[in-house]
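K.L.:
Chain by chain, the residues:
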Amino acid sequence: MLSQFSAIEGRSFGYWKLVIFLGVLALMGLGAFVAVEINGHGITGMNNKIAWGIPHVFAISLLVMASGALNVGSMSTVFAVKQFKQFGRFSAFLAIALLIGGLAVLMLDLGRPDRLLLTVMHMNFRSMFTLNVFLYSGFILLCFLYLWSMFEYQQFTKVIGSAAFLWRVILTTGTGSIFGVIHAREVFHSAITAPTFVAISLSSGTAISILLLVTTFKRTNRVLEDKVVFGLRNAFIFFTFLVAYLLVVEKFTRYYSPAFYDVQSWILTGPYAWLYLFGVWGATIIIPLAVLFNPKFGNSIGGVMVASFSSIIGTFAFVAHLLLAGQSYPLKMFPGYEVSSAFLDGQVATYTPALIEFVLGFGGIGIAGVIYLLGIKFFRMIPNEAVAPEGYELPWNP
Amino acid sequence: MTMDRRTVLGLGGVAAAGVALAPGLTLIAAPPPDKSEASGDQRWAMLIDVTKCESNCTACTRACRQENNVPLFGDPTRDIHWIRKLEIRDKDHRRPSVSLPVLCNHCENPPCAHVCPTEATFIRKDGIVLVDKHRCIGCRYCMLACPYKARSLVYHKTEFPEGGNPNVPIRAKGVVEKCTFCVHLVDDGKQPACVQACGHAGHKAMIFGDLNDPKSEIAMRIREVKTQTIREDLGLKPHVHYQGL
Amino acid sequence: MRSLPSYPARFPLLLVLVWAIFVLPSVVLASGTPDHDASANSHPSYAGGPPQLEKAKGESCIRETEWMRRNHMDFLKHRRAETVRQGVRIRSESLLKCAECHQSHEKFCDQCHGYVSASPDCFECHVYPK
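Residue numbers (our numbering), protein chains in the order written: chain A, 325 to 722; chain B, 105 to 349; chain C, 67 to 196.
Hints listed in this document are in silico derivations from the structure and should not be mistaken for laboratory results.
For each residue, glycine too, the CB sits at the ideal point set by N, CA and C.
Treat the hints with caution; some may be incorrect.
Computed far set for chain A versus chain B, every beta-carbon distance over 12 Å [to be verified]:
# : residue
1 : Gln478
2 : Glu574
3 : Pro595
Pairs of lysine-lysine residues, derived as BS3-like cross-links and limited to a Cα-Cα distance of at most 27 Å, are as follows [to be verified]:
#  : chain 1 : residue 1 : chain 2 : residue 2
4  : C       : Lys196    : B       : Lys139
5  : A       : Lys542    : A       : Lys620
6  : C       : Lys163    : B       : Lys261
7  : C       : Lys123    : B       : Lys139
8  : B       : Lys195    : B       : Lys330
9  : B       : Lys229    : C       : Lys163
10 : C       : Lys143    : C       : Lys121
11 : B       : Lys341    : A       : Lys656
12 : C       : Lys173    : B       : Lys261
13 : C       : Lys143    : B       : Lys261
14 : B       : Lys294    : C       : Lys196
15 : C       : Lys173    : C       : Lys143
16 : B       : Lys261    : C       : Lys196
17 : B       : Lys294    : C       : Lys163
18 : B       : Lys195    : A       : Lys656
19 : A       : Lys409    : A       : Lys701
20 : B       : Lys237    : C       : Lys143
21 : B       : Lys330    : B       : Lys341
22 : C       : Lys143    : B       : Lys229
23 : B       : Lys330    : A       : Lys656
24 : B       : Lys237    : B       : Lys341
25 : B       : Lys237    : C       : Lys196
26 : B       : Lys139    : C       : Lys143
27 : B       : Lys139    : C       : Lys163
28 : C       : Lys163    : B       : Lys237
29 : C       : Lys123    : C       : Lys163
This is chain A alone, in the form it adopts within the complex (with noise of 0.2 Å):
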């Protein structure tokens, strides 16, 4: 059933456009990323209220759709869904690359990245940061050797496979927790921010392994068998579901408290209001579901094209409405108090973005993208063809 792999040919004139367009987005990034080194923050559009702007939700939505790039690896591995198998090396070096762009952007961003150094010198092992260096770097260790496993040792992929997909479980927690922990922001403060961070980063990954996966083949005249696409879209549609349902609970409980009132309808009401609704739920739900609850585009490849790409949009505007609106709803540090200050204290925090965080957040783009280009052109990731295991029947379509 399993098919050869091969590198792609990747001499054509279409992959080295994409490789140097993508090559240039992270050189843009990185000369964003000197220009702030040299004029300081001062030339983005964060400030002493939003201290977390684009870059951060670039950042963060890469991390996330990378532990979930996992997923269709974990699915082979872990959950024994055959058809999958052919994906392992795909999935893995997918959530490195993805990782890797994440991370470059957080980086990037410090106010002193000169003194990157200092963090692993001297740790605080208290701080979500801490612990998600070690997170990070302990799941680019494992999917390597996940990859590695499955290139050349196959009988240790089970093992090391199962410990990259409770490692993500966790990494995606440590990720959700830098802002679930934080007691002094009413918009953050979650047991259940982790979890849905979790959830989303299923239904993102997935989503982003359906679009790369289609176009791959598709760019390299390669065969994949629709039925194929259309198991991933049926988990991807179970995890829509996951996220849907932990939104829900999030807002019943906050909703069932008189406590929460005020912030809650700020957050429907309020400035962030179509981050939330259109964002959030429209991009991440309601758009994926609709599409692919519909007979015709739920059982047609582009379809489920849309579907994803909308659930990607829908991350990024997940990450953006909890990290805006989280910053800019006023602390309250007086309840049922009127506060003024020349601080601005008591009123709604603006932030405008300026252009060169979304360079410098997209450079992030650009190096997770070249790091796949490139990934697929010299190794053997992707294979010749992709077909489900013969007198395979989906369970289920729309």
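Please build the complex by placing chains B and C on the supplied structure of chain A, with the hints as guidance.
P.N.:
Using the frame of chain A, we list chains B and C on its own:
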């Protein structure tokens, strides 16, 4: 916040006689020894009597800017505030508004220090929470974690101001900073600049001292009158207490 | 398929590449302000023809001149950790005191640092009184 205003005033009046001397005394003290060290036996804290804080007075914030060379960039979202004046008012506007300064609360459980990946923010032995500006990598996680918004990132390059104070370094961009309780003055046995200024302005709404010394002004006041801290519910145990809130 | 070296051989290559992307820039960047107490002799000296330094005021430095020449960086960094983090202040030897005798950092500290191409960023923040 439910304290009866008249009792507060009465108590405050008695205590004021004591405070009046405190800042003056330390100013004429002998120069500090050549070598000194922070001691774990001390627990520095501040008490702010809100009833004595005047709404249009900015003596404390101006003194802070002068002492610590804190610049204003003219952009309210990026200006650095180590201490700021807040006006609070009940939502129905039934009572007059109350004015009070807010600064770093030097918590016993500081969330900023908990989240700092490099331990750049730490608690000194004597309870002062400081940013080691030599170690800060500018990740700004602390700015998300602080419930008092006491922290600022330096967004722009700054120059040493005309007539500035050379004893306090200025700042480099990309580093997070906040109130230090004027640690350089405290180590010299003096009072923080805001407390001195509040005294000179004649309000004497702020006192500063060692909570562990039972005979200190602040320890006595906190024992005798009802004081509060901001966001007690978070369990951070701030060392800036408010009276008459 | 083209006759490329087989995949296992390239794995270490990729590892090195990824490592290089991350670790090398940070090492290069961080070398500007390391916070470690390297042993004194690991610092370059300017033995082959020192630059012209401004004459210091006062009799002698806070330590022997030769010792200062070799160890002032570690001394300063050690003191800085002690002062900021432990609250130990030795007033006669603070960074501000250097300026009382070495009156201009451009003509003293920077001369030498330019020569050994070190660029401590201390005076971005610290005031060097004239």
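K.L.:
Now tell me if each hint is right for this structure.
P.N.:
Do the hints match the structure? See the list:
1. For Gln478 of chain A, the shortest C-beta to C-beta distance to chain B comes to about 38 Å, beyond the 12 Å cut-off, and the non-interface label holds.
2. Listed as outside the interface, Glu574 of chain A is consistent with that label: its C-beta sits roughly 19 Å from the nearest C-beta of chain B, beyond the 12 Å cut-off.
3. Every CB of chain B is more than 12 Å from the CB of Pro595 of chain A (nearest about 15 Å), matching its label as outside the interface.
4. Our distance criterion of 27 Å between C-alpha atoms is met by Lys196 of chain C and Lys139 of chain B, whose separation comes to about 25 Å.
5. Straight-line distance between C-alpha atoms of Lys542 of chain A and Lys620 of chain A comes to about 21 Å, which keeps the hinted pair within the 27 Å bound.
6. Taking the CA atoms of Lys163 of chain C and Lys261 of chain B, the gap is near 25 Å; set against the 27 Å cutoff, the hint holds.
7. Pair hint Lys123 of chain C plus Lys139 of chain B holds up; C-alpha atoms about 23 Å apart against a cutoff of 27 Å.
8. A threshold of 27 Å between alpha carbons decides the hint, and for Lys195 of chain B with Lys330 of chain B the separation of about 24 Å falls inside it, so the pair holds.
9. Proposed proximity of Lys229 of chain B and Lys163 of chain C is supported: the alpha carbons are some 26 Å apart, at most 27 Å.
10. Taken as a hint, the Lys143 of chain C and Lys121 of chain C pair is honoured in the structure, with Cα atoms around 24 Å apart against an allowance of 27 Å.
11. Restraint check for Lys341 of chain B and Lys656 of chain A: satisfied, since their Cα atoms lie roughly 17 Å apart, inside the 27 Å limit.
12. Taken as a hint, the Lys173 of chain C and Lys261 of chain B pair is honoured in the structure, with Cα atoms around 24 Å apart against an allowance of 27 Å.
13. Distance hint between Lys143 of chain C and Lys261 of chain B is fulfilled; the C-alpha atoms sit about 24 Å from each other, no more than 27 Å.
14. About 26 Å separates the Cα atoms of Lys294 of chain B and Lys196 of chain C, which keeps this hinted pair within 27 Å; it holds.
15. Distance check on the hinted pair: Lys173 of chain C and Lys143 of chain C sit about 22 Å apart at the alpha-carbon level, within 27 Å; holds.
16. Restraint check for Lys261 of chain B and Lys196 of chain C: the C-alpha separation of about 21 Å stays at or below 27 Å, so the hint holds.
17. For the hint pairing Lys294 of chain B with Lys163 of chain C, the CA-to-CA distance comes to about 21 Å; that is within 27 Å, so the pair holds.
18. Between the alpha carbons of Lys195 of chain B and Lys656 of chain A the distance comes to roughly 13 Å, so the proposed pair stays at or under 27 Å and holds.
19. Of the supplied pair hints, the one linking Lys409 of chain A and Lys701 of chain A holds, its CA atoms being roughly 20 Å apart against a limit of 27 Å.
20. A C-alpha spacing of about 13 Å is found between Lys237 of chain B and Lys143 of chain C, which places the hinted pair at or below 27 Å, so the restraint holds.
21. Of the pairs offered as hints, the one joining Lys330 of chain B and Lys341 of chain B holds, with about 15 Å between alpha carbons and a cut-off of 27 Å not exceeded.
22. Under the criterion of a C-alpha separation no larger than 27 Å, the hint pairing Lys143 of chain C with Lys229 of chain B is consistent with the structure, at around 20 Å.
23. Distance hint between Lys330 of chain B and Lys656 of chain A is fulfilled; the C-alpha atoms sit about 22 Å from each other, no more than 27 Å.
24. This hinted pair checks out: Lys237 of chain B and Lys341 of chain B have alpha carbons roughly 24 Å apart, not beyond 27 Å.
25. Annotation: proposed proximity of Lys237 of chain B to Lys196 of chain C holds, straight-line Cα distance about 24 Å (limit 27 Å).
26. For the proposed pair Lys139 of chain B and Lys143 of chain C, the alpha carbon gap of about 18 Å is at most 27 Å, so the pair holds.
27. At most 27 Å may separate the alpha-carbon atoms for a hinted pair to count; Lys139 of chain B and Lys163 of chain C meet this at roughly 14 Å.
28. Proposed proximity of Lys163 of chain C and Lys237 of chain B is supported: the alpha carbons are some 20 Å apart, at most 27 Å.
29. For the hint pairing Lys123 of chain C with Lys163 of chain C, the CA-to-CA distance comes to about 12 Å; that is within 27 Å, so the pair holds.
Going through the hint list in order, the structure satisfies each hint without exception.
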